[in-house]
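Protein chains: 2
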Amino acid sequence: MSVTAALKANQEAIAGDAGNARVVFSTQGSLVGPTHVQLISRGHAIDVDEPDVLAGGDQFANPVEYALASLASCQAITYRFWAAKLGIELDSVEVAVEGDLDLHGFFGLDETTRAGFKGVRIDITPIGPEPSARYRELADAVDAHCPVLDLFSNPTPVERRLAVAA
Amino acid sequence: MSVTAALKANQEAIAGDAGNARVVFSTQGSLVGPTHVQLISRGHAIDVDEPDVLAGGDQFANPVEYALASLASCQAITYRFWAAKLGIELDSVEVAVEGDLDLHGFFGLDETTRAGFKGVRIDITPIGPEPSARYRELADAVDAHCPVLDLFSNPTPVERRLAVAA
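These protein sequences, in sequence, are chains A and B.
851 is the number of the first residue of the first sequence in this note's numbering; add one for each residue after it.
851 is the number of the first residue of the second sequence in this note's numbering; add one for each residue after it.
In short, the hints are calculated from the structure, not lab data.
Treat the hints with care, as some may be off.
Copies of the same chain look alike in the list, so a pair counts if it fits in one copy or across any two.
[To be verified] In the DMTMM-like style, the derived pairs of lysine to aspartate or glutamate whose C-alpha atoms are separated by at most 20 Å in a straight line are:
id : residue 1 : residue 2
1  : LYS968    : ASP1000
2  : LYS858    : ASP960
3  : LYS968    : ASP950
4  : LYS968    : GLU1009
5  : LYS935    : ASP902
Next comes chain A alone, as it looks inside the complex:
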């Protein structure tokens, strides 16, 4: 369905029953090589690897690159939805995301260095015929409603359940 139809269908479904808004996404798989991880999400294969310097075969992007791709794509798609919601014409979106990692954290070489990104930068270019003020308005609406930007910006409760023999 179109973006406008999807906005309407979801709004009506959620107005009818707030429980329709609560969805669970998932992925599952295993480590099948030194660093090759094969995963599947809703029937879609996702393959992950590391470069040679991190003991991998460099067949696929690595986990932190997928994290950045998740943010970049979520931004672009949220531009698409919120442009339709706000009545702003949008032809396309170009996006680049980069993140700074300090491997002292991952390798445990300095326990005061965080393992994850110290900082992330998003460069985003909405493309279309509207005056720039409308794209600024759109950018602010997107940043308030983008699921993966929220994931990066705020803490998320994570429960880890380890399966080993008792």
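Starting from the known structure of chain A, arrange chain B on it as the hints suggest.
This is chain B only, laid out in the frame that chain A set:
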């Protein structure tokens, strides 16, 4: 190179010059359809889409599924590295991750609902010949050093740079 060789090579390179630990990962691309985003990271293509109910063609996993895949794969690979570092035999790792999203946030239907995951669960099964106590020790070391678990658990500073005409 092997995992053990990679641990040694990285440790030596970082001991020689702490700046070698600071690396920048990136992704870049654009929105090429209603919700299809084509990205590239270090030569590796990453394609993202949404299901029909979110106006997409359902060709690929969606952004939040890639976020979960990023976490699942980072956990599995961090098990591999820390098992080698701690001298724990590890044959494989099975992993499943799920996350709870409330679409009131994304659609702006309730501004008190966060756009991102309200909670995430990791089910992880290390496979190998060691006594379970060693895998519990490994799990704790992994959770202290996994870059994407850190990203999920803690706030990360994100700078957004919008390119529009002045």
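Verification of the supplied hints:
1. Proximity of LYS968 and ASP1000 under a CA criterion of 20 Å is satisfied in both settings, with 16 Å inside one chain copy and 10 Å between copies.
2. With identical chains, the CA atoms of LYS858 and ASP960 are at most 20 Å apart between copies only, with a shortest distance of 16 Å across copies and 51 Å within one.
3. With identical chains, the CA atoms of LYS968 and ASP950 are at most 20 Å apart within one copy only, with a shortest distance of 6 Å there and 26 Å across copies.
4. Taking the closest pair of Cα atoms, LYS968 and GLU1009 come within 20 Å of each other only across two copies (12 Å); inside a single copy the shortest separation is 23 Å, beyond that limit.
5. Proximity of LYS935 to ASP902 under the C-alpha cut-off of 20 Å is restricted to the inter-copy arrangement: shortest distance 18 Å between copies versus 45 Å within a copy.
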